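Protein chains in written order, with numbering that gives the first Met the number 0: chain A, 0 to 662; chain B, 0 to 300.
Please keep in mind that the hints were generated in silico from the structure rather than gathered at the bench. Note that this is a predicted model, so its numbers are computed, not measured. Among these hints, one or two may not hold up.
[To be verified] Anything over 12 Å on all C-beta distances counts as not near chain B; from chain A, calculated:
1) Pro105
2) Ser436
3) Glu511
4) Leu536
5) Val604
[As the list claims (entries may be wrong)] Cut-off 25 Å, straight-line C-alpha distance, at most; resulting in silico cross-link-like pairs (SDA-like, lysine to any residue):
6) A:Lys576 - B:Pro187
7) A:Lys154 - A:Ala136
8) B:Lys45 - A:Leu165
9) B:Lys298 - B:Pro187
10) A:Lys542 - B:Lys298
[Unchecked claim] Chain A residues, not near chain B, derived (Cβ > 10 Å throughout):
11) Asn202
12) Phe444
13) Thr551
Positions of the beta carbon are idealized from the N, C-alpha and C atoms, including for glycine.
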Amino acid sequence: MMEMVNVSWIVTLLAIFVLFFVPSGFKAYTAAFVILVNSLITSWLAFPALSGQVVELSIFAGTFMGDIAIRIDGLAAWFILIINFTSLTGVFYGIGYLKAYTNPAPKLTLHWSLFILFHLSMVWVCMLQNGFAFLLAWELMSLTSMLLVIFDHNKAQTLKAGINYLVQMHISVVFLTIGFIWVYSSTGSFSFEAIRSFFQSNNNIWLFLVFFVGFGLKAGFIPLHSWLPHAHPAAPSHISGVMSGVIVKLGIYGIFRIITFLNSDYIILGEIILSLSVLTGIYGILNASVHRDFKRMLAYCTIENIGIIGIGIGIGLIGIGNGSPVMYYLGFGGALLHVLNHSLFKSLLFYSAGSVYQQCHTRDMEQLGGLIKSMPKTAAIFLVGAVAIGGLPPFNGFVSEFIIYIGLIEGIHSNNLSQILLFVLSLAGLSVIGGLSVLTFTKTFGVIFLGQPRTALHHKPREVSKLMLVPQYIIIVLMLSVAFIPHFYMQIIGNALMQMSPLFADMNTIVEYANMIQGISLYSLLLIGIAATVWILRSIVMKQRIQRTAATWGCGYVAPNSHQQYTGKSFSKPLGKILNFLLIERKHFEELNPGEIFPEKRSYVSHYHDFFERNLIDPLISRLNYSANYFSFIQNGRVQSYVIYGIVFILAMFILTVFNIVS
Amino acid sequence: MLSVLLIVIASIFFTGIIIRTKSLASGRKGPGIMQPVLDVIRLFRKGVVYSETTSFVFQIAPTIYFASVIMAMLVVPFGQSRGVLSFNGDFIFFAYVLALGKFFSIIAAMDTGSSFEGMGASREALYSMFAEPAFFILMGSLALLSGHTSFQEIFAALHIGSQISYALAALATFVLLMIAMIESSRMPIDDPKTHLELTMIHEVMILDNSGFDLGLIFTAGYLKFAIYGALIVNLFIGVIPYQYAIPSFFAIQFVMAVAIGLIESFMARFRMSHNPQFIVALTSVSLLIFFGVLLILQKFM
């Protein structure tokens, strides 16, 4: 077992070395091969854990850190497999995606070595059971992903997004470090088991919240989400797919991991997470519905899905608190299944959005239109992703959302008034999220792919290469497998949940629900069956009927052009208008002067701003900048001063040691 | 099975009754009650015209829309007899499967590239989104009241005993009726008989549909009405025996159709900009039901 872990990092280091000498055409293939090897190794390690066998290893990391425990339980295995799958599809899609651009060899070397490291570091995050080592892996993951984001580093916008991401991830690390040091100072150990003993003897709420802020920054709970809408559009699409599909989920993994150690205060924490998650979901999808940059839209939609996952986590926590195995199973089970589902359809959507970007060179959906004619396969893929992410049957998104819904309804039957209120409002909130995502994705799909082209593009868009399509087909196959054999996946999740909390070792009470989940897939099949029957009937009838084509009915107007089509902006404008206190729109235009009879050419620009970024984060940063200015004399750019600081520090250490103040 | 049969029978007459009521109210004789069904049969026999702008989405959308309504129909129970499908949380499935149909009818409207149809699509998406929480809070409250989570069990366990529960049933009827109006794009949200494309919602979305597809869309619309009517009937019939339940089913459907006809005859459509407020107000009526349920269950103690 341990050899396998060693093999994986040795292979990685070797591969990075080899990548320098491989011709640029083959760098991507080399990277794909290495990621395949690493994925196979780590998946092989993780597989036994799925059936309930915990893999325990330990790695010696020098005298300072000592033995570091590696432990792969069902939870870790679940995430490792998701990471491996998404990274693999990402790297294969990336081969085709980057082929269309000419990039200098060193840039490609850096990119693919970082990708390999990025993949391995994510897997390590799930395996390591020691705070110190965990933080190292976490940091490696953040740094490599940040460098992957700024692939197009010559664009100022991209660099800015990268630095924004870097800074926010380090705020997250600060919180995590505080958490681990807090545990260390009270128990004297960095190992994860120490967190359990900490929770047994101390108040649970505060430490959990510290960790929650740290991991929540990664996951993107409001108001900690503001890096997502910047970083995702800036990154190349195969990176955004992997980032949105997996890296965000590692925040969720962290929250789950801390939950396994919790000892009390389940209900209050569950209520906090549940309320925050409903708000996160609604806020995310509201913003997604108004943005015209389709990758930014997808980034906001990730925030929405984190909200849905969080709702599941909240239900599960309250379930533990109430001693209800059903809620525990439905909440956590739904959340974990949604983690898988979201990683599938979100990476699918990012890849197909990337295909559009590669062909059209714009992320502005208002410039596009009618792509279904020139890129039919990409359009169909995007449509599948859009229906699935809207949580509509018969796709996989519905299964996990349904489980979470049932969890909410189970919660309504509790005896506590505040919980009933919370659950009913969450039920309404989740339904709003569902309705809004229908609005968002009909808009996006309709504007990008349907109708007529809105502007003349520089190149005529063509269908992308097979190398880019095949990974997307594979994702669709896996999505369908979740949709039609969900009980298989829920069985695995059930095993993981049993390990997480021995309190619920008896899973007999949930058999009924397991059957119900199986039923859902049958009903989806029935739906497809009915649709197919109607379709066949229609085809038979239509054969005997006259079919003609003509222009779209212009309501009497006979010279319509493509600019008269409904735009995405106007599609979501009514919503933006109703909720203008949350969706802040800023317009820049020059008004007509009273005496101006023949107006000159003028421009009109409007943008939607992020409420939290504008009202919370930006003011905070400007205050920080203001106060930090007072200390700018320290960093004055003179080497002489810096040397003095060094000398002062050394002297201070010397004197303090001499007088035995520090030892 | 019984519910499906009843809904199909009711749907045949429902729209005809509305149209007849409207005709009588405006002093005309009006078409026969079977006219809408005859229209559909004729549409099934007609050829089609497709817009040059459209793609396969436009062709599959009516089929999926129709299939989604059929699927929704299957989960609706009738009193003590279950729907064809009955499981915990079937009302969530009901709402989501209808949303699937809506998804496809919206993108089909956008497929034509017409600005009018895009406008209708945008409104349809917005209004149905606002109607969603009202339905879920209503069903959540009923689930709380009855302690069950499937349509059939919830409706079977509803006890119309005290005054307050009569009030609740009345409110629930109001909510379901209004949701039916929003879903079927009738007054006061949308006026199917308006003369201007700018002011339509649902009708403008299907401007380019013709022949078989249009027939499917109409049929789905008729069924949708009868489905919501059946839900309202279920609020009242509980577990009473069939010889009373079946006549009262048709009676209530008839009253509902006449009521819709009268509302449409004597009311003007709301201003577009007031529609969202009206629909959100529906959510607060649902919340009222929820608090009523809390009162009945004495959870405030």
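The hints, checked one at a time:
1. Here Pro105 (chain A) stays apart from chain B, with its beta-carbon at least about 43 Å from theirs, past the 12 Å limit.
2. Chain B draws Ser436 (chain A) into its interface by the beta-carbon criterion, the shortest separation being 9 Å against a cut-off of 12 Å.
3. With a least beta-carbon separation of about 8 Å from chain B, Glu511 (chain A) fails to lie farther than 12 Å from that chain, contradicting its non-interface assignment.
4. Look at Leu536 (chain A): its CB is around 9 Å from the nearest CB on chain B, not clear of 12 Å, so calling it non-interface is violated.
5. Every Cβ of chain B is farther than 12 Å from the Cβ of Val604 (chain A); the closest lies at roughly 22 Å, confirming the non-interface assignment.
6. Of the supplied pair hints, the one linking Lys576 (chain A) and Pro187 (chain B) holds, its CA atoms being roughly 21 Å apart against a limit of 25 Å.
7. Distance hint between Lys154 (chain A) and Ala136 (chain A) is unfulfilled; the C-alpha atoms sit about 29 Å from each other, more than 25 Å.
8. Taken as a hint, the Lys45 (chain B) and Leu165 (chain A) pair is broken in the structure, with Cα atoms around 62 Å apart against an allowance of 25 Å.
9. The suggested pairing of Lys298 (chain B) with Pro187 (chain B) is violated, with an alpha-carbon distance near 36 Å, which exceeds 25 Å.
10. A C-alpha spacing of about 62 Å is found between Lys542 (chain A) and Lys298 (chain B), which places the hinted pair above 25 Å, so the restraint is violated.
11. Distance check on Asn202 (chain A): its Cβ is at least 30 Å (rounded) from any Cβ of chain B, clearing the 10 Å threshold; non-interface status holds.
12. Not every CB of chain B is more than 10 Å from the CB of Phe444 (chain A) (nearest about 6 Å), against its label as outside the interface.
13. For Thr551 (chain A), the requirement that its beta carbon stay farther than 10 Å from each beta carbon of chain B is not met, with the minimum near 4 Å.
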